[in-house]
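**Student:** Here's the letter readout for the chains.
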Amino acid sequence: MAAVLESLLREEVSVAAAVRWIARSAQSSEDDPGEAAALRSLRPLRKEFVPFLLNFLREQSSRVLPQGPPTPAKAPGSSAALPGRPGGPSRGGRGARSQLFPPAEPSSAAAAEAPPARRGGRRRGPGPGRERGGRGPGGLEEGVGGESPPWAAGRRRRSSGSPGSPGRARSDPPNLSNLEEFPPVGSLPPGPAGTKPSRRINPTPVSEERSLSKPKTCFTSPPISCVPSSQPSVPDTSPWGHGLPPGCRSLQEEREMLRKERSKHLQQSPTPACPTSESGSPLPSRTGNLTAEAADPARVSSRQRLELIALIYSSCIAENLVPNLFLELFFILQLLTARRMVAAKDSDLEPTPGAPDSLESPLFQSVHDCVFFAVQVLEHQFDKGTLKLLAENERLLCFSPALQGRLKAAYEGSVAKVSLAMPPSAQAVSFQPETDNRANFSSDRAFHTFKKQRDVFFEVLREWEDRHEEPGWDFEKGLGSRIRAMMGQLSAACSHSHFVRLFQKQLLQMCQSPGGTGGTVLGEAPDVLNMLGADKLGRLRRLQERLVAPQSSGGPCPPPTFPGCQGFFRDFILSASSFQFNQHLMDSLSLKIRELNSLALPQPEPSDEDGESDVDWQGERRQFAVVLLSLRLLAKFLGFVAFLPYRGPEPPPTRELQDSILALRSQVPPALDVRALLQQGLRARRAVLTVPWLVEFLSLADHIVPLLDYYRSIFVVLLHLHRSLVLSKESEGEMCFLNKLLLLAVLGWLFQIPTVPEDLFFLEEGQLDAFEVDTVPSEHGLDGMPVVDQHLLYTCCPYIGELRKLLASWVSGSSGRSGGFVRKITPTTTTTGLGAQPPHTTQGLQAQLAQAFFHNQPPSLRRTVEFVAERIGSNCVKHIKATLVADLVHQAESLLREQLVMQGQDGGDPAQLLEILCSQLCPHGAQALTRGREFCQKKSPGAVRALLPEETPAAVLSSAENIAVGLATEKACAWLSANITALIRREVKAAVSRTLRAQGPEPAARGERRGCSRACEHHAPLPSHLISEIKDVLSLAVGPRDPEEGISLDHLEQLLGQLGQTLQCRQFLCPPAEQHLAKCSVDLASLLVADQIPVLGPPAPRGLERGQARRLLHLLLSLWKDGFQVPVPLQLLLSPRNVGLLADTRPREWDLLLFLLRELVEKGLMGRPEIEACLGSLRDAQWPKDFSEELATLFNLFLAEPPMPEPQLRACELVQTNRGTVLAQS
Amino acid sequence: MILTKAQYDEIAQCLVSVPPTRQSLRKLKQTFPSQSQATLLSIFSQEYQKHIKRTHAKHHTSEAIETYYQRYLNGVGRNGSAPVLLELANEVDYAPSLMARIILERFLQDHEETPPSKSVINSMLRDPSQIPDGVLANQVYQCIVNDCCYGPLVDCIKHAIGHEHEVLLRDLLLEKNLSFLDEDQLRAKGYDKTPDFILQVPVAVEGHIIHWIESKASFGDECSHHAYLHDQFWSYWNRKQLLPDSKAQPLTLIEIFVL
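For the record, the sequence lines run as chains P and G. The first sequence stops at residue 1226 when you use this note's numbering, and every number in between is there. The second sequence stops at residue 1485 when you use this note's numbering, and every number in between is there.
You may find that some hints are simply not true.
Derived Cβ-Cβ restraints for the label pairs, each shown as a range [unchecked claim]:
#, chain 1, residue 1, chain 2, residue 2, range
1, G, P1358, P, M902, 39 to 45 Å
2, G, D1408, P, Q1182, 50 to 56 Å
3, G, D1410, P, A676, 49 to 55 Å
4, P, N979, G, D1410, 24 to 30 Å
5, G, I1347, P, P1071, 20 to 26 Å
6, P, R712, G, V1427, 55 to 61 Å
7, G, K1284, P, K452, 58 to 64 Å
Simulated from the structure, these hints should not be mistaken for laboratory data. Built from N, CA and C at the ideal position, the CB exists for glycine as well.
Start from the sequences and build out the full structure, keeping to the hints where you can.
**Tutor:** Structure follows, in structure tokens:
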């Protein structure tokens, strides 16, 4: 591989030819024959060139970026020094992932100089499965690579070999024809740690910064915030010599201000994570003086060589030959923002004039070189996608004022950002009457179980919300048993599906918003230039808040995680560990993914009216974003659950084991046929929707999955797609720039996932070509529309933000401590041209006409019309329900009543009744369609008119109205014709059962319930108060009571008066209260009759006088007659217990009872036969002998009464005389 | 009526092991003349219920029941018209109505072939005339009318109060022109658990957003707040997205409508 580079450097081969050579298998006719010949001999190496180049650059830069921000994945050389690592500058911070392109044999100690060649040769040898870096011999995967002893051994051996080879003066070109034998020559001075740059990368032991990440994900490198840094000093006077524009000077001041604020804050904080110092006085630290060195274009060494490599490197990037675009950008920016070369090396780092074009001499001999290289790459790279922050980088200005000018221009021309207005998170899923009501459950029990489960689920969720951030709180310990108990109750399959629906809805609701995902909302970062330009203190304070805000930084390639609320759902699934639940969840997720994936997102054409279309596009983008984010979330959880049974920390240890697992797994059908969906998506040009969620799904696959044929073919398709997304290409029907960028970002990320074998990316071309996707370029799909915006890009790929953080950290003058304020990447979006959309043949001519009409109108018009139609159609159905159906129900009720009157009280079989009613009423349902049509006709035009702009031409307006009417009618009528009969039936059925129930217990009382009179002001005493008062009287009468206790007669009369009022004003009276009042009044009457009420009198409590008692009884009688609307249990007056009260009184007072009985009959409250029956049964009770006799006399007296009532007073006197007679006789 | 915590504690302090009788309530009224009878009764009732919940089990062991029944039999054997059952309840510090229930159950076990059903017992307690034994009927009746915390009459009073306050609340809402859906309307829509009223347009009260109102018509002590929160309010929240902030607890208007 080095040979290729060498030949490039010697200009034997042109860069263009080399890139063609790398990218394509076939030779191009444009190739110079001489070049072709030179390259042909190297053909077998083509596959390895890119890995080699990347590794080479990383290594070369390793000394420059010791203190830099995180090491990008698969970027072996550009490591960041980890705190606490002695000799940090050398090779600290290299992640395990850096072994993507290491030699297969680590112990080739002597090959310190030759590795390129050796490795290239080796890589050809073993099959793809063996190329995986860091694997032990025979092993399929290494464990935690960083700590593996073989590496340490190799390193020792290398270091021992290197001192003896001064090799710096070596100038012979490498022997290209004999790569295997390429001699090891130490052409580089030994580094401070005694190592030489080499492609063989020493793994970095996993340090505590990484302890959180999983093994094999060490490549994610430490978070920026942990990199030790001293306060870098940016001199106040411009050290660059080149005249700074005046704006820059004020910028310098602003920056200085910022630094002061920051250091102030750091001093205040009790435990600063990193050593800091006052600006301008750098502190020496372990990693040396980190003051940024002034980069000077004049001091660049071997300019030509750097230019060449930069050219070929950027060509590789442009052609998508690198696995992860953003990783490379990150690397370049690291170079650009390199602070200074490792101090210890300075003495050794004299340029080697003798070998300017040799690979053996270090590529980057100084910061100047790094910056030069970076700028060179950027010059090639960023003519389209632009990093605005770069515009501010002074070094850029020095090295290429032209590029800076372009950047600025690009920035100013960039489109406005669109922010996703998401609903706040953590809302509960609302009760959904249509799916959650009783009718959807098999039994009452299932319904109530689910009711309970819903409550338990939210209880668990709330507890998690409250407590999951507490130290020491453990999900499993805290909630595990409760969750399992709950899952245990879900017995019926139908309950599972209900619960899964709830779970999924809650998942979508909580995790969709950016806050819910735990990612930083980058889009809201205020523009730095504006911010610094303004001298408002408030702004600075906001800035400060941002600076101290914790940032989620997992490096540019974080492993898949479940941030924020997602963690709850993941842990819930794990804790529930319910097979049924998982299966139902997978089913449900798959269904929802299919549904959303095939959702017909509106496909409006980019409008000519720019202003308007921009507004409209925001809605489109928002909808797309919501769908995309939902899909990603669902797919992630589907992947999680689907691969859960197979997940393990370690890949299978032996090939045999792996083969047997493969044989087993290859016959398991996938949970969701993602390959078909991917192919569909590509064909329909909806990759921008399909691929991001597919990536989420695959990111949670286990180690075996990429080896399965099914999934491997998916990876190949994805790889092909990746290769085809060349950002610089823009043609008709091509994908929009940001869409491409999103796909590149997610795919690049996927290729870095630990479970995805590294060798997948560098497949043989033959394999790639076999999977040509047949897209129809003429058809207009989502891909061609600017559906992705900056915000969505950053939401989906928060790791892109690492680039900004890196640049921001440079601007802020620190090496990555801050990173909070970052500016947006603002590439210009491209709009693709109009494409003819073939009319849908399935729809009628009318529909085609409508389509054609919409085609020529702004998309908002279509949306408005569709919205109106949708709402009016729905309203129409509601209106029919409220009018026609309600009328029919009323008819049904009156018919039913007639029926009941005719057939007597029971009315016959309810089911039969229902049938009769339905057969009479359902035909009327036909009216629904006519009425529905009228409704839509009447309502739609107004709504369309109100929502469309005033200036809409009349013809357009009327067409829009007509279409809206048509669509609304179609919608409403389709529903009504399908459902009206069932609806009427259901409503009538409910009405019938209601009526029948109402017929039940007390039809009389129910029939003539009176309300209070119109003039009533509802000032009557409350029923509760009256019951309470009467209860007090009863308890006093029943006793026990204190000797002085009693009731005043006034109070008693007042109480009965109040009772009358309350019974008049029925505002507060409910039937149970009235029933109790009635019963209490009867009890009171019995006590009056038995003279048991102690009345407070002047001397002492005594019994009532007979006249008083009668007055009270009269009051009660009239209340019973006119006041109560519930039946009064008057028969209780003659219950043995109440009559027995008389037994205790001496002398017994029978006249009041007789009086009462007569009055009851007279007022028609009780019939004579009824009283006679009661009296008859009284005689059966056991009484003292004398009492029985008196009772018998009373009975005879009552029977002897003439049926016609006599005047009241006389009757009483008669009773009194009679009683006297009775007593005299006894 | 809003009470301070100190006021409430003072009242609750006076209610430790006080029998739920007319006399106790009268004494309470004399001690706290500034408080309304409704408030005092509500607090009394809640405190007493807490007390009963704690001690309920020990009165229901078969030994205890047997002892009580024998004491009752002995008591009425001596004098059927003396308040035997009521005094027994007061003596063992148990609610008279509940004591009546225990004795009635035990009595029916002796006198009926099949063990009495709950509905039969309830019906007899509602109307003691149905009790076959005249003496027991009088004793039970005496217990019920003298118990101010338990029993069918008290239940009815509580129910009536609840109903009245719902009506009052509805009137208030109508008076203030607040549009709402009531329980019946919500139930018709198929909701399984519903508060009394859901406001169709939320209102702000003292800085809190009110989405729905549940009238409890009882004194809102910490315990009942907690219980209602668990039994009802969270359930409403779970169903209706009624609160803008996930951490905020449902607001209750118990205090505003304390008896």
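**Student:** So which hints don't hold here, by number, going up?
**Tutor:** Hint check: 7 fails alone, others pass.
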